[in-house]
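Chemist: For the protein sequence lines, the chains are A and B, in the order given.
Heads up: the first sequence at position 265 corresponds to 426 in my numbering, and the numbers run straight through without jumps.
Heads up: the second sequence at position 214 corresponds to 375 in my numbering, and the numbers run straight through without jumps.
Among the hints, a few may not be true.
No copy labels: a pair is met if it fits in one copy or bridges any two.
Unchecked claim - In silico DSS-like links for lysine-lysine, alpha-carbon gap of 25 Å or less:
1) K369 to K197
2) K197 to K165
3) K165 to K246
4) K165 to K423
5) K275 to K197
6) K423 to K197
7) K369 to K423
8) K165 to K176
Hint data in this document are derived by calculation from the structure and do not stem from the laboratory.
Residue strings, one per chain:
Number of protein chains: 2
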Amino acid sequence: MIDKLEFILALAREKHFGRAAEACGVTQPTLSAGVKQLEDQMGVLLVNRGSRFQSFTPEGQRVLEWARRIVGDSRTMREEMNSLKHGLSGRLRLAAIPTALAMVAALTTPYREKHPNVQFTIYSRTSIEVLDLLDNLEIDAGITYVENEPLGRVSTVPLYREHYRLLTSADAPLGNRDTVTWSEVAQVPLCLLTPDMQNRRIIDRLLKGAGGESRPTLESDSMILLYSHVRTGRWASVMPAKIADTLGLTDTIRAIPITQPKAVQTIGLVVPQREPMTPITAALVAEARRLAPQLSG
Amino acid sequence: MIDKLEFILALAREKHFGRAAEACGVTQPTLSAGVKQLEDQMGVLLVNRGSRFQSFTPEGQRVLEWARRIVGDSRTMREEMNSLKHGLSGRLRLAAIPTALAMVAALTTPYREKHPNVQFTIYSRTSIEVLDLLDNLEIDAGITYVENEPLGRVSTVPLYREHYRLLTSADAPLGNRDTVTWSEVAQVPLCLLTPDMQNRRIIDRLLKGAGGESRPTLESDSMILLYSHVRTGRWASVMPAKIADTLGLTDTIRAIPITQPKAVQTIGLVVPQREPMTPITAALVAEARRLAPQLSG
DNA sequence: ATGGCTTGATAGAGACTTTCTATCAATATT
DNA sequence: AATATTGATAGAAAGTCTCTATCAAGCCAT
Chain A
162 MIDKLEFILA LAREKHFGRA AEACGVTQPT LSAGVKQLED QMGVLLVNRG SRFQSFTPEG
222 QRVLEWARRI VGDSRTMREE MNSLKHGLSG RLRLAAIPTA LAMVAALTTP YREKHPNVQF
282 TIYSRTSIEV LDLLDNLEID AGITYVENEP LGRVSTVPLY REHYRLLTSA DAPLGNRDTV
342 TWSEVAQVPL CLLTPDMQNR RIIDRLLKGA GGESRPTLES DSMILLYSHV RTGRWASVMP
402 AKIADTLGLT DTIRAIPITQ PKAVQTIGLV VPQREPMTPI TAALVAEARR LAPQLSG
Chain B
162 MIDKLEFILA LAREKHFGRA AEACGVTQPT LSAGVKQLED QMGVLLVNRG SRFQSFTPEG
222 QRVLEWARRI VGDSRTMREE MNSLKHGLSG RLRLAAIPTA LAMVAALTTP YREKHPNVQF
282 TIYSRTSIEV LDLLDNLEID AGITYVENEP LGRVSTVPLY REHYRLLTSA DAPLGNRDTV
342 TWSEVAQVPL CLLTPDMQNR RIIDRLLKGA GGESRPTLES DSMILLYSHV RTGRWASVMP
402 AKIADTLGLT DTIRAIPITQ PKAVQTIGLV VPQREPMTPI TAALVAEARR LAPQLSG
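Please put together the full structure from these sequences, using the hints given.
Modeler: Next comes the structure, spelled out in structure tokens:
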């Protein structure tokens, strides 16, 4: 029964019987039969299909909601039992927006010291994808913006506030300044994240608010790529202070605070709103709570 | 998997492998094997046994909690699907304390008018048993005292407030009075509920508070039995106003308000604290909310 | 239009799981 | 000490699940 519900979850992610089957480690006929069994037991159609997956019926969407819950609870139960026996162990699956990646180590390092048997898997994703993965039980927790866009059924722990810096070579225009304004930044050709990233949308908004326009010379979904370009001394970028500090500044590259308006975004840990949490997740939330005051400098 | 968790629930109620198996409609070896499988999967002992059921291990108690939740959710899901297909239908299982039995009709009658395909099963139970049945998913809702004793993980909807009356023959001592005090009542030989009933414990407390003692001439767990004795004219009792009214007073039997102290107990509907509720239960809660203002006269 | 491709349903065989009956060992009860 | 109760175990039968192979229906490109 619960494995059938897992089929539904997989189908919701993959929107494709074959791929969903593969994700579940069964063949396509097995998954098809499983879904059909659910439909028979419930006495309602769950999936609209016309030679291919189309969508869930309204009943199917309700079952999907229940599946998330029941499958989630059953996993949490297993993990709880496992923790009671072996102490905290297993794998913590995490996803973070690129601009938050640099601070993940501040969370994982003390965590690992306390619970050395927990392994980590950490994905770099957009804020929307983070929430999606969370919904589909593919990750245990996410790190993303917690104030701007609607989050859904999650609990949040604020971690720190993102302040923006202009990263540029010291001998470039503006390179000798102590602070710059957003309207000045708007004049500089920038390397920025791709527009599917919330960070980029925030920066676009700020630039537009300062009368400028966002016409980045270069876009990427990788912070490392952006930073390596800036590091050549020929490019500039706007980054959160935290990540700029972490990446390490050389003599020639400066991170200049951007004021007017002083833009601030809160980044936080996001976990499924369900009590109780898995022990592994609960420990992460505890760590985040402990860490938050230190980070919010 | 879910059926194995049902085994755990049955075992928790019955504390006996054989009876639990019977309750689940399987043979004892099947249930034993099911529990063992759970233990293997979880990797921990769930039940302490020494040639018979002794108790759940701490791990077993956690699994029991999860089982309540997961099994409850899976039932709710099924019922929800059923309602989507056939409208509200199925069976509403209810348990009420004896003194509240008379008002159940005020809830069931309008309910049935709106949802004629729902059938009812209603048990008369002590307040403790009501909560127990609720915990074990054996009933959908209970009607009991909502203020006095600890309730556990339930939501409550207050229904009405219980005022006490002395039921006695008009020609008995006190029979001609308009009101009496608890200390006067304490002088009269009474027919009362058995001490496992919370109503009896409340009345005992009130009598003791008035300097009297509770020495009922006759005890029973049946309100009908108590009332039929009072009705002979030779016995007296203390009952909530609501039930006294419902049972109907003859010329010779009077229901005299007891004042000093004016004792009041709130009776309410009690349902599992879980979102969302089954559609059948949700409709009952709606009915209770609608009814409460009318009843609280 | 038509041939090739993708997608999900169906059929049938084999493997695995479940559940039953029968029985046993251990502990209570008398 | 004899008996009854309780839960575990063994083995057979039934049922379920999952696989491979194949099919039919739509999609797409030429």
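Chemist: Work down the list of hints and note, for each, if the structure agrees.
Modeler: Results for each hint:
1. K369 to K197: neither (52 Å within a copy, 65 Å between copies)
2. K197 to K165: both (10 Å within a copy, 23 Å between copies)
3. K165 to K246: between (28 Å within a copy, 21 Å between copies)
4. K165 to K423: neither (51 Å within a copy, 58 Å between copies)
5. K275 to K197: neither (46 Å within a copy, 33 Å between copies)
6. K423 to K197: neither (56 Å within a copy, 62 Å between copies)
7. K369 to K423: within (14 Å within a copy, 70 Å between copies)
8. K165 to K176: Classified as within; 16 Å inside a copy, 31 Å across copies.
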